[in-house]
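**Q** These are the residues of each chain, in order.
Number of protein chains: 2
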Amino acid sequence: MTQRIHASYWLETGGDPERTAQTIAGEQSSGTFLKLANETDELKERAGARVECLEVLEKVSSPSLPGAKASSTYTRCRLELSWPIENLGPCLPSLLSTVAGNLYELQDVSGLRILDITLPDAFARAYPGPAFGVEGTRRLAGVARGPLIGTIIKPSVGLDARQTAEQVRLLVEGGIDFIKDDELQGDGPGCPFDERVAAVMRVVNDAADQTGRKAMMAFNITGDLDRMKRRHDRVRELGGTCVMVCVASVGVAGLVELRRHSTLPIHAHRAGWGYLSRSPALGWDFAAWQKIWRLAGADHLHVNGLRNKFSEPDDVVMHGARAVATPLFEHAPMATMPVFSSAQTGLQALDTFTGLGSADLICTAGGGIFGHPDGVPAGVSALRQAWDAAIAGIDLRRHAQTHGELARALSFW
Amino acid sequence: MTQRIHASYWLETGGDPERTAQTIAGEQSSGTFLKLANETDELKERAGARVECLEVLEKVSSPSLPGAKASSTYTRCRLELSWPIENLGPCLPSLLSTVAGNLYELQDVSGLRILDITLPDAFARAYPGPAFGVEGTRRLAGVARGPLIGTIIKPSVGLDARQTAEQVRLLVEGGIDFIKDDELQGDGPGCPFDERVAAVMRVVNDAADQTGRKAMMAFNITGDLDRMKRRHDRVRELGGTCVMVCVASVGVAGLVELRRHSTLPIHAHRAGWGYLSRSPALGWDFAAWQKIWRLAGADHLHVNGLRNKFSEPDDVVMHGARAVATPLFEHAPMATMPVFSSAQTGLQALDTFTGLGSADLICTAGGGIFGHPDGVPAGVSALRQAWDAAIAGIDLRRHAQTHGELARALSFW
Chain V
468 MTQRIHASYW LETGGDPERT AQTIAGEQSS GTFLKLANET DELKERAGAR
518 VECLEVLEKV SSPSLPGAKA SSTYTRCRLE LSWPIENLGP CLPSLLSTVA
568 GNLYELQDVS GLRILDITLP DAFARAYPGP AFGVEGTRRL AGVARGPLIG
618 TIIKPSVGLD ARQTAEQVRL LVEGGIDFIK DDELQGDGPG CPFDERVAAV
668 MRVVNDAADQ TGRKAMMAFN ITGDLDRMKR RHDRVRELGG TCVMVCVASV
718 GVAGLVELRR HSTLPIHAHR AGWGYLSRSP ALGWDFAAWQ KIWRLAGADH
768 LHVNGLRNKF SEPDDVVMHG ARAVATPLFE HAPMATMPVF SSAQTGLQAL
818 DTFTGLGSAD LICTAGGGIF GHPDGVPAGV SALRQAWDAA IAGIDLRRHA
868 QTHGELARAL SFW
Chain E
468 MTQRIHASYW LETGGDPERT AQTIAGEQSS GTFLKLANET DELKERAGAR
518 VECLEVLEKV SSPSLPGAKA SSTYTRCRLE LSWPIENLGP CLPSLLSTVA
568 GNLYELQDVS GLRILDITLP DAFARAYPGP AFGVEGTRRL AGVARGPLIG
618 TIIKPSVGLD ARQTAEQVRL LVEGGIDFIK DDELQGDGPG CPFDERVAAV
668 MRVVNDAADQ TGRKAMMAFN ITGDLDRMKR RHDRVRELGG TCVMVCVASV
718 GVAGLVELRR HSTLPIHAHR AGWGYLSRSP ALGWDFAAWQ KIWRLAGADH
768 LHVNGLRNKF SEPDDVVMHG ARAVATPLFE HAPMATMPVF SSAQTGLQAL
818 DTFTGLGSAD LICTAGGGIF GHPDGVPAGV SALRQAWDAA IAGIDLRRHA
868 QTHGELARAL SFW
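Sequences listed follow chains V and E, in order. With positions in the first sequence counted from 1, the corresponding number in my numbering is that position plus 467. With positions in the second sequence counted from 1, the corresponding number in my numbering is that position plus 467.
Hints in this document: simulated from the structure, not taken from any laboratory. Any given hint might turn out to be false.
Since copy identity is lost for identical chains, a pair holds within one copy or between any two.
[To be verified] List time: in silico SDA-like cross-link candidates among lysine to any residue, alpha-carbon distance up to 25 Å:
#1 Lys536 / Gln630
#2 Lys511 / Arg636
#3 Lys536 / Asp841
#4 Lys511 / Arg545
#5 Lys776 / Gly706
#6 Lys536 / Leu814
#7 Lys536 / Pro747
#8 Lys511 / Leu521
#9 Lys776 / Asn505
#10 Lys526 / Ala748
#11 Lys776 / Arg545
#12 Lys526 / Gln634
#13 Lys696 / Arg726
#14 Lys536 / Ala674
#15 Lys696 / Glu485
#16 Lys776 / Trp751
#17 Lys776 / Pro747
#18 Lys511 / Gln634
#19 Lys536 / Ala748
#20 Lys511 / Glu704
#21 Lys776 / Ala748
#22 Lys776 / Ser538
#23 Lys511 / Gly609
#24 Lys536 / Arg774
#25 Lys526 / Arg606
#26 Lys696 / His728
#27 Lys536 / Ala799
#28 Lys536 / Glu633
#29 Lys526 / Pro747
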């Protein structure tokens, strides 16, 4: 029996749903707008995409997206299609063209969003997934249990290498586990990459010599492939333990190739996620999208955070985060660590822990740490104490009675 | 004076437009949700994004996208921002994170679409652009003037290598200039790449030996980078003159790296464009998006076609096509050939020629060629005759009076 790729969609159509489903299946496999003489029944049976499931959800009177054929009613459905792996082989870029190629613009479609994909084992054999994942990250960061408490260098851009290193000093002296460059930081002449890594790693290494534990610093190496590789090597040479990539900006082929080269965890930032997802009638659900990057090799993946400052509601955030924590294949889980960020403090710890069912995560906070009246070390301690309480099932305010940093933090969180 | 990157947007906000513009500018440069002590006025002046222009277009009563802060009125504007090149350097992936990163999801934003970008000359020095473009493509295809008349192998998937070559034989015997694989075709076990290239190039080379002119066949090499390079080399070895890449599926870093390796024109397919563009309140205008791929090295770029079978209206198609034909930099035009496709026949020739102001393009037709009652050679001739008429300013029906293939084609187009 052939292995098949499955993809599920939210579909809105002004036409007959069954016919539209067949049109999409045809367009994305052996069919086209015209019936072709050489699209034989045998070929269609062998290479055609199959409508596995079509469930009508509701009917509405106006189309979600423009450009669709006019109709008096638009039907919203859940559609599941499948393709034989023989059409494309286990190839991530070809997978994208197949499950998310020329189908969103069909006139029969007034809304289409990919909800999830399920891939045959051939993909697990073709792609290695994350090299470090949860275990490797914990080992390198020296954090055996609980979340990695982290933060982001701010301002995002504008600091020079020396100023960046000074901020890192403050953070590592405060006992932080994880620091990342902003996604806007790269290798500009205002803060050249090599200078920044050298200055920052001097601070990180000095602190590690004293404490025996090295903070994990994710340097943003996003760029053309040769430069990403060179920057990765520089981080590695200077004793760094993580590189960061804006995966949507770099693309799948870039990440796959970097993963082959890399000997450090890859921290995947999702800058650009908004344009891929914010229209509910178009684009991608994170549950589908994150699988691409985990296969390609992301060790950490940003998932936003509960009660964030962006437009994503909590249930969507948590659905995405749980997807990242769900094994990809039965025999190849490809565990990637979800990264929570955006207006995070200790107040979200319990709900995040409960929602995810695990503390295998990175929690990055800015104001939640820097805003502490007793300084950065107290801010880091307070966030850790909030997580300790969440994991131990102790009420936050009760825990604060015996933990001063947490008590003081509750006044500004 | 520093060189600046400019980006213009269609913005919808429930808040004060000026404040929202400043929020976006801050978020995408030196600011964040909180006012930071170390974001000094000097730093902000130096590294901050600048609101160059904010023009109110209209006010509406409901938000285009969910997740925005509630308001009684939403203002739609044209916003132009600029960034100093010093923030990021001339780097395409970092450019994406900057102009199209974490801004679409801001709560102050109920709609955001990037309309155009203007890049400083530093990008023209950092990226080579297309290696072949219009001139190189014409030289390799042996088409000195007028459009390259092309088609796509159909069914998209399901034919084996021998069957594909048979279809190519029919086309090259018909005098076609250009043939492409479908974007769904790659290197699946049902039609392995090496077998397909060998079988097809035997046909293409045999025909070239007889006629002195080699049809340009764009083999879809989309995949991981090592495979794309290997497939490119295989095409080159066997005398092929073009490779095709689904650029959104591969990503920017992949295309940049392939361009460095490649000695053949790169035919860029835009599979996935629908999810980037179909919501008018989100994502990308093609005028902005195409610049990324031209800098990265696309020699040809798909632009849809007039009166196409998809949802894109004609004015949008033509706006995009003209953008592709517009020089990128004064001293580095980086000319990429627009590729027109989707339900194309000779009937669109005049409007396409008039709209673009040039015949430096590839026109791919399926049914418009295969549907000809006298077969493929007559179909190719008819399409060429229609374009000859358009370029010469002769009425199509008058031209048909002295051109039999065209006359017969008019009955089925």
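**Q** Would you mind marking each hint as holding or not holding in the structure?
**A** We went through each hint and held it up to the structure:
no., hint, result
1, Lys536 / Gln630, "neither (57 Å within a copy, 35 Å between copies)"
2, Lys511 / Arg636, "between (63 Å within a copy, 23 Å between copies)"
3, Lys536 / Asp841, "neither (62 Å within a copy, 33 Å between copies)"
4, Lys511 / Arg545, "within (23 Å within a copy, 48 Å between copies)"
5, Lys776 / Gly706, "neither (34 Å within a copy, 55 Å between copies)"
6, Lys536 / Leu814, "between (48 Å within a copy, 22 Å between copies)"
7, Lys536 / Pro747, "both (20 Å within a copy, 17 Å between copies)"
8, Lys511 / Leu521, "within (20 Å within a copy, 53 Å between copies)"
9, Lys776 / Asn505, "between (54 Å within a copy, 21 Å between copies)"
10, Lys526 / Ala748, "both (14 Å within a copy, 23 Å between copies)"
11, Lys776 / Arg545, "between (30 Å within a copy, 24 Å between copies)"
12, Lys526 / Gln634, "neither (55 Å within a copy, 43 Å between copies)"
13, Lys696 / Arg726, "both (10 Å within a copy, 17 Å between copies)"
14, Lys536 / Ala674, "neither (64 Å within a copy, 43 Å between copies)"
15, Lys696 / Glu485, "neither (48 Å within a copy, 41 Å between copies)"
16, Lys776 / Trp751, "both (21 Å within a copy, 23 Å between copies)"
17, Lys776 / Pro747, "both (19 Å within a copy, 24 Å between copies)"
18, Lys511 / Gln634, "between (61 Å within a copy, 18 Å between copies)"
19, Lys536 / Ala748, "both (16 Å within a copy, 20 Å between copies)"
20, Lys511 / Glu704, "neither (54 Å within a copy, 33 Å between copies)"
21, Lys776 / Ala748, "both (22 Å within a copy, 20 Å between copies)"
22, Lys776 / Ser538, "between (38 Å within a copy, 17 Å between copies)"
23, Lys511 / Gly609, "neither (55 Å within a copy, 36 Å between copies)"
24, Lys536 / Arg774, "between (39 Å within a copy, 13 Å between copies)"
25, Lys526 / Arg606, "neither (52 Å within a copy, 54 Å between copies)"
26, Lys696 / His728, "both (7 Å within a copy, 16 Å between copies)"
27, Lys536 / Ala799, "neither (44 Å within a copy, 41 Å between copies)"
28, Lys536 / Glu633, "neither (59 Å within a copy, 37 Å between copies)"
29, Lys526 / Pro747, "both (16 Å within a copy, 22 Å between copies)"
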